[in-house]
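Colleague: For the protein sequence lines, the chains are F and W, in the order given.
With the first sequence counted from 1, adding 2 to any position gets you the working numbering.
With the second sequence counted from 1, adding 952 to any position gets you the working numbering.
There's no promise every hint is true.
No farther apart than 20 Å at their CA atoms in a straight line, the calculated lysine to aspartate or glutamate pairs in the EDC-like style are these [unchecked claim]:
no.	chain 1	residue 1	chain 2	residue 2
1	F	K91	F	E110
2	F	K28	W	E973
3	F	K79	F	D142
4	F	K133	W	E984
5	F	K117	F	E77
6	W	K1002	W	E972
7	F	K29	W	D999
8	F	K112	F	D142
9	F	K47	W	D999
10	F	K25	W	E972
11	W	K1002	F	D8
12	W	K1007	F	D142
13	F	K28	W	D999
14	F	K120	F	E139
15	W	K1002	F	E13
16	F	K29	W	E973
Rather than coming from a laboratory, the hints here were simulated on the basis of the structure.
Because the structure is a prediction, the values reported are computed rather than measured.
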Amino acid sequence: MVAVGDSAEVELIFSSGRRRAGKLYKKATVTCNDHSRGNFQIGLKGNIYNNPDSLYPLTLSEAGFQFYPENRDRELKIEIKNVSQEKLKLRLVTTPGNMVKIDFPGKEIKPGKSKEIKVKIDKSFDGNAFKKSLTFELNDSASTRYSVPILFAKAKPIKRAAKPVKPATASIKKSKSGN
Amino acid sequence: MLLLFINVYGQNTGAKVYVEETTHNFGFIPTESTVTHSFYLHNYGTDSLKILKVKPG
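Isolated chain W, as found in the complex (with noise of 0.2 Å):
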């Protein structure tokens, strides 16, 4: 039971993101336009989040 414990908790530290959607549908989009979403990612872990990098393609 203790080690059991021991994992679980190891699991649960440092930085944790969630990501509550990660595809976005647009449906229809007019040629020659800008459109844009926000997605939200959630830190449950026990250290602070870093986001390093957002790297398109």
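For reference, chain F alone in the conformation it holds in the complex (with noise of 0.2 Å):
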């Protein structure tokens, strides 16, 4: 229930799983009772890769963020490599909420150089694990986006053997916000 003039979040969390790397767009129909518009759609596109070290324009030192009960209190980096022939500047998209602190590059990344992305979990943070990511984009002509997964987990996963490519899912979190 979202009351007059207030708004509402509705989260979309995309799972790639073993998904060959390629374009992917997905969507979800919400239902209301505004009766003029009716249903409506959302919609989710991205590109899926394998290796964070092919990309162009920047190549990552790393695909994501991932802390456990061990390392929750150290501070993660990912290292960002300017792989293309001018400067390119990062502005940040979204990020995952107050639980995660990030320390992003402000400055333009020189042909050739790199710079980190910083991300630490809060002190103050209690609560449970959680998957979220934080996006960027950058200012070359396509306006190229990077999407850096960051996973807090009560414990390390056991790993299993290899089981057969399976398709993407799309999963849906309903939550209400405040204003």
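Please assemble the complex out of the two chains, which come individually in their own frames, going by the hints.
Modeller: The structure is reproduced here in structure tokens:
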């Protein structure tokens, strides 16, 4: 229930699974009591990759940030390298929320140079495990975007034998935010 | 003029939803990972907005 003048948050969660590299588009249909609008769709799109070191115009040293109880107080870093011929500036598009502190390079990165994205779990956070992500955009002509997963788990996963390739799945978490 | 007013008023009664963005571009996403994005639904109507269902696909 969203009061008049208020807003609600609908979080879409996308799991790439062992899907092959390539473009994706996933959508969800929202039904509400705005009868003039009826059902409407919201969607997610992106480009799945296998190797963070093969990307362009930026390469990443790691695909994501993974926090477990033993390293939850540490600051994790990902090195981003400009492998293009032009200066690149980054802009944060979405952040995971207050439970994560992000140190993001504000200045432009010159060709061939590297900077770091640093992420730390906020000391005051005592909530449950989560899977979130941050998205940033470059100022190149294509406005290239990258999404970096941020995992906070209560325990390290147990490795299992390889499974067959599964299709990608999308699930939805609905929550309300008060203004 | 009165009829026009009634018509406009009538269109704004009840719950009215406004979505800032309807598609989010993640850009590059690593395989075997989970990424998330929050969409914000605003109610600019005159009655409470009920989100009845969100169905993937």
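Colleague: State for each hint whether it applies.
Modeller: A quick look at each hint next to the structure:
1. F:K91 <-> F:E110: holds (4 Å)
2. F:K28 <-> W:E973: holds (15 Å)
3. F:K79 <-> F:D142: violated (23 Å)
4. F:K133 <-> W:E984: Holds - the C-alpha atoms of W:E984 and F:K133 are around 12 Å apart, at most 20 Å.
5. F:K117 <-> F:E77: holds (15 Å)
6. W:K1002 <-> W:E972: Answer holds: W:K1002 to W:E972 is near 18 Å, not above 20 Å.
7. F:K29 <-> W:D999: Answer violated: F:K29 to W:D999 is near 27 Å, above 20 Å.
8. F:K112 <-> F:D142: With Cα atoms ~13 Å apart, F:K112 and F:D142 stay inside 20 Å; holds.
9. F:K47 <-> W:D999: Violated - the C-alpha atoms of W:D999 and F:K47 are around 33 Å apart, more than 20 Å.
10. F:K25 <-> W:E972: Violated, at about 24 Å.
11. W:K1002 <-> F:D8: holds (12 Å)
12. W:K1007 <-> F:D142: Given that 20 Å is the threshold and the Cα spacing comes to 35 Å, the pair is violated.
13. F:K28 <-> W:D999: violated (31 Å)
14. F:K120 <-> F:E139: holds (16 Å)
15. W:K1002 <-> F:E13: holds (16 Å)
16. F:K29 <-> W:E973: holds (13 Å)
Hints 3, 7, 9, 10, 12, 13, counting from the list given before, are not met by this structure.
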